[in-house]
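Colleague: Put together the whole structure using the sequences plus the hints.
Heads up: take any position in the sequence shown, counting from 1, add 436, and you land on the numbering used here.
The set of hints was computed from the structure by calculation and includes no laboratory data. All figures in this text were calculated on a predicted structure; none of them were measured in a lab. In this text, a Cβ means the ideal position worked out from N, Cα and C, and glycines have one as well. Heads up, some of the hints might be wrong.
Said to hold, decoys possible - Derived DEER-like restraints, expressed as beta-carbon distance ranges:
| no. | residue 1 | residue 2 | range |
| --- | --- | --- | --- |
| 1 | V483 | I459 | 21 to 31 Å |
| 2 | M587 | G484 | 16 to 26 Å |
| 3 | G512 | A534 | 47 to 57 Å |
| 4 | L487 | Q457 | 15 to 25 Å |
| 5 | E589 | R563 | 35 to 45 Å |
| 6 | E555 | P481 | 12 to 22 Å |
| 7 | A568 | A473 | 16 to 26 Å |
| 8 | D486 | R563 | 20 to 30 Å |
| 9 | E592 | L528 | 21 to 31 Å |
| 10 | A473 | A534 | 46 to 56 Å |
| 11 | R476 | N547 | 38 to 48 Å |
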Amino acid sequence: MTDQQNTAASEEETAPQFSLQRIYVRDLSFEAPKSPAIFRQQWDPTVGLDLNTRQKALEGDFYEVVLTLSVTVKNGEEVAFIAEVQQAGIFLIKNLDAASMSHTLGAFCPNILFPYARETLDSLVTRGSFPALMLAPVNFDALYAQELQRMQEAGETPTVQ
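Modeller: Have a look at this one:
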């Protein structure tokens with residue numbers, strides 16, 4: 437190998453790498469506790485959304501990121517339905533500094549998973565015979581920044597389990 441080839445090979449080994457390996461549903465749940473009576477009422481829903489992410493280091497440079505979306509829809513004071521999806525992905529991530537790795541796992545990966553989770557929830561809800569649930573996009577960068585600020589104020593540091 438020439439020096440130029442050695443340099444190119446060395447740079448390739450240390451260059452940041454990101455690759456999506458797999459996207460899958462880890463868990464899925466749907467409850468419509470007031471069915472069928474809820475279908476006979478005037479429909480005036482309120483939607484509550486909770487979202488959460490977690491990361492886990494796998495073997496080598498592989499990481500699992502799980503985005504959990506929990507939706508509670510009420511019609512008046514009654515719960516019409518509760519739907520939850522844990523949308524997961526396996527990512528190959530190499531050669532990132534700690535801050536970039538934290539941001540990638542905490543914002544970039546959930547941003548990739550969100551459209552899949554949103555579509556899964558929408559499909560689940562319509563199969564339950566409720567109107568389509570079109571969740572608005574989520575700014576994971578802003579949520580990540582808020583979480584970082586909260587952790588700094590609490591004296592915590594971001595970690596990957």
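Colleague: Failing hints, ascending?
Modeller: none
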